[in-house]
Amino acid sequence: MSFFKTIAVGAAAAAFSVSLAGASFAADISGAGSSFIYPVFAKWGEAYKKATGIGLNYQSIGSGGGIKQVTAKTVTFGASDKPLDDKYLADHGMIQFPMIQGGIVMMYNVKGVKPGQMVLDGKVVEQIYMGNITKWNDPAIAKLNPGLKLPNEPIVVVHRSDGSGTTFNFTNYLSKISKEWADKIGSDTAVEWPLGLGAKGSEGVANTVKQTAGAIGYNEYAYVIQNKLGYSKMVNKDGKVVAPSLETFASAAANADWAGAKNFHVIITDQPGAKSWPIAASTWVIIHKDPQDPAAAAAALKFFAWAYKNGHPEAKALDYVAIPDNVVGLIEKSWSAVQHNGKPVYAAMN
Amino acid sequence: MTMMTDTALNGSRARAEAISRRMRQQDRLFFWLTWGSATGVVLVLLGVLVSLLWDSLPAFRHFGIAFIWTERWSPAKDIFGALAPIYGTLVTSAIAMVIGVPVSFGIAIFLTEICPKRLRRPIGTAIELLAGIPSIIYGLWGFFVLAPVMQQVVQPFLINTFGDLPGIGILFSGAPYGIGLLTAGLVLAIMILPFITSVSRDVFNTVPVMLRESAYGMGMTTWEVVRYIIIPYTRLGLVGGIMVGLGRALGETMAVTFVIGNSHHIRASLLSPATTISAAIANEFAEATSPLYTSSLIALGLILFFITFSVLALAKWLIGRTESF
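If you read the sequences in order, they're chains H and E. Just so we're aligned, residue 1 is where the first sequence starts under our numbering, counting upward by one. Just so we're aligned, residue 1001 is where the second sequence starts under our numbering, counting upward by one.
Rather than coming from a laboratory, the hints here were simulated on the basis of the structure. Where is the CB? At the ideal position from N, CA and C, for every residue including glycine. Watch out, some of these pointers could steer you wrong.
One side of the interface only, derived from the structure: several residues of chain H facing chain E at Cβ under 8 Å [as the list claims (entries may be wrong)]:
hint: 1; residue: Gly198
hint: 2; residue: Gln211
hint: 3; residue: Ala243
hint: 4; residue: Leu246
The shape of chain H in the complex, shown without the other chains:
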């Protein structure tokens, strides 16, 4: 009895001290959206908490959800792998800027084929997702993989069931590869898939591919590595076979002309360059120009500035490409649009 009492008193005291500790610092920064950026946000949030005592509360609910929540002002910032168009930003009084870049890879669960062994190209991936290539030993796949023993097994197509920026970049790539895809399916955070299993979230796609023999799916590279899943090399726009890596993602990202794009609206799929990974993607942060809580907006911007400056090691460790310093300059300049009573909230903090 007294034992439990001690525990109860201890727990109560601990809870009390935690709430006190929480109160003595500023509130956590709240954000929601892209699951593409979530692994790196998680690392940055941890490091930032250690450095400043301010935590990051980020819900990895998908880009569509992030856009919805930040528009409704239930979070301070949203994150999306699909850039918003100029009209939407203007209508809702928001700005967006790129936070990170990385790669989407094709992962597979094929008996006897090791990670990185298979080579695919855009046309084959498009044909698989159209439902025209249905077996792993299809001549089109065999042609790209001479010497690889491919089983005579059906291909199980896996895609996202929720609104997803990863889906946007993947379908954007397929639309560039195939006019038929562009006309029939198009590119968006959720599309009308001709076939396949829908799985919720990046984690859901990884799990479904892992669970299902003969499955193929698309996912952010970090999820593929974490789940030790099979992933393919790809033939890029220059006709070269490339493996997913920080180097090939960075090569694709280097083509982005951020300075010349309004609202940082640049898509980096199917980029030229011998080393460019074909399905590269960026994540944008979206924030209100006239924030409800200026202090929270300022805290968020301060965190982003910290991440641009100090977040390179964490990003690199997860094979994400950090935003180049000259672009960071442009981004921080754009933050002057986030104002309260006519004064920029971020400059006011400095």
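Using the hints, position chain E against chain H.
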């Protein structure tokens, strides 16, 4: 002396009046509390219905009543139709009923007629415990345990055995995906077992002992007693029990979302991935960006509301008819 008695009498009368006044007040309070609870529930129900109707208006105004029989579901192009989720909801529930109902009846008959008295309680409790398992656990189990078995053993067997037969072959054609209509139906069948079992066990117990014993006394076998006495006597109650299970199967969300495959297509094969109304809502609501998208999902909810409501109303009516025997 008399005065004293009078005072005492007055005092006790006053006390009695005070008590009865308090009791009347209590009674009134109690009346209004219970009345309030009862009408509150009705108001909540009406509120849900009105808000569903109101928020689904944009979808119905845009697509018309054809929303109900349109298969296409394209968030990219803002075109929505409810047919695929309705189809998935009805087919998974049908599979669940085909498997769940006979098994439930079997369990109920075993528990009431055949099972030794000693074992009745433990087996009955075990079945009822199934009802206490959170649906997300069924979903996890379905996804991680059942789906691989389905994909690697059951579905290839079905495809190889029935896939080429004329007629029913089409139900078992295509690739073994593991998750899909059949797997979802199976998980649902297990989930509705405890509900149908407990209702049918209760109605089996309403069969008068005299009737039952006379039948046995005439030399009928257990099967004959069940077939000619118990089932005819309890028929309507059994239908009510089936309806309770059906209502549960139609609305089940989490478990189905895990194993349905989330695909807005209608295909004849039971092995193909599909979607249900509640799975579509659970999956897509948070990410629905356009107002028409949100409204279409709410319209799906309204359709499910009507389907479940009519099933439950039918069940209530049938159970009511048995009790009035």
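Here's how the hints hold up against the structure:
A distance limit of 8 Å between C-beta atoms decides the matter here; for glycine 198(H) the minimum to chain E is near 3 Å, and the interface restraint holds. The restraint placing glutamine 211(H) at the interface with chain E holds, with a minimum CB-CB distance near 6 Å, inside the 8 Å limit. Annotation: alanine 243(H) was flagged as interfacial toward chain E, and the flag is violated, the nearest CB pair being 29 Å apart, outside 8 Å. With 8 Å as the threshold, the beta carbon of leucine 246(H) stays out of range of chain E, its nearest partner Cβ sitting at about 29 Å, so the hint is violated.
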